[in-house]
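J.: Residue-level listing of the chains:
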Amino acid sequence: MKALSKPQLLPWEPTAEDRAKVDELQKTSQWLKAKKDDDDLQRYRGMWIAARNCKIVAAADSLDQLSAKLNHESIKGYVIACLRGGRIRVKAE
Amino acid sequence: MNFSIPWSVDPSFGDEPLPLVDLLFALEGSFVSVPFLIDSGADVSLAPDRLAEELRIDLGDGVPMEIEGISPKEECNIQGRLIAVEAIMSEANSRIVIPVCFADQDVQTLLGRSAFFDCFSIEFDQQLLKTWFQIR
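From first to last, the protein sequence lines are chains B and R. Counting with the working numbering, you get residues 5 to 97 for the letters of the first sequence. Counting with the working numbering, you get residues 14 to 149 for the letters of the second sequence.
These aren't lab readings, by the way, just hints derived from the structure by calculation. Mixed in with the good hints there might be a few duds.
To be verified - In silico BS3-like links for lysine-lysine, alpha-carbon gap of 27 Å or less: (1) R/K143 with B/K25; (2) R/K143 with B/K59; (3) B/K59 with B/K80.
Keep in mind it's a predicted model, so treat the numbers as computed, not measured.
Starting from the given sequences, assemble the full structure and let the hints guide the process.
T.: Dropping the structure here:
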């Protein structure tokens, strides 16, 4: 645990190609986390989702099921998120 | 270097902003982005072991560990394997190596104190809904 805990912060110097890939992911991530006017995304509460190009491509109750919905293909290029709010939540009445 | 990350709304919950950080993991010539909740109450970072599998992280060398959480009941404890992983935090233009406990359950992704809080001085601003970071 001690050795594992050694803090390491190293410079990240992406290539232009990598930067473009990351920018695309961040665009989708920002879209996902932006407050929406409608309640469309509330049906994903508690689920794992895979998003790409500012769209939710797949959603499932577990990461295992999500992988199956993605036909067990690589998750590269996706935003993978667990939509469970905070760690300690007040249950809605 | 100082920077801040605005809190984000979990779209499925709607109203309660959360201090999230997107960690990027390199995978097969591309990247995967996973939001982690910054959790100063967690000793270590946490993720499901299924995520490790998806990210091609070999947990064979991981240190077995048991995690206690909110409930004092022993049956609520979680088993996992602790292993150091490298992720990218683009806001800091940095790669960070942190120990993550990959649990045998479908747990939420949390960024705990170990290593992450050693790399940054972190301040939560509930009024401005921002997390401030200063690289140590």
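J.: Next, verify each hint and record whether it holds.
T.: Hints, one by one, checked against the model:
{"no.": "1", "hint": "R/K143 with B/K25", "verdict": "holds, 26 Å"}
{"no.": "2", "hint": "R/K143 with B/K59", "verdict": "holds, 26 Å"}
{"no.": "3", "hint": "B/K59 with B/K80", "verdict": "holds, 15 Å"}
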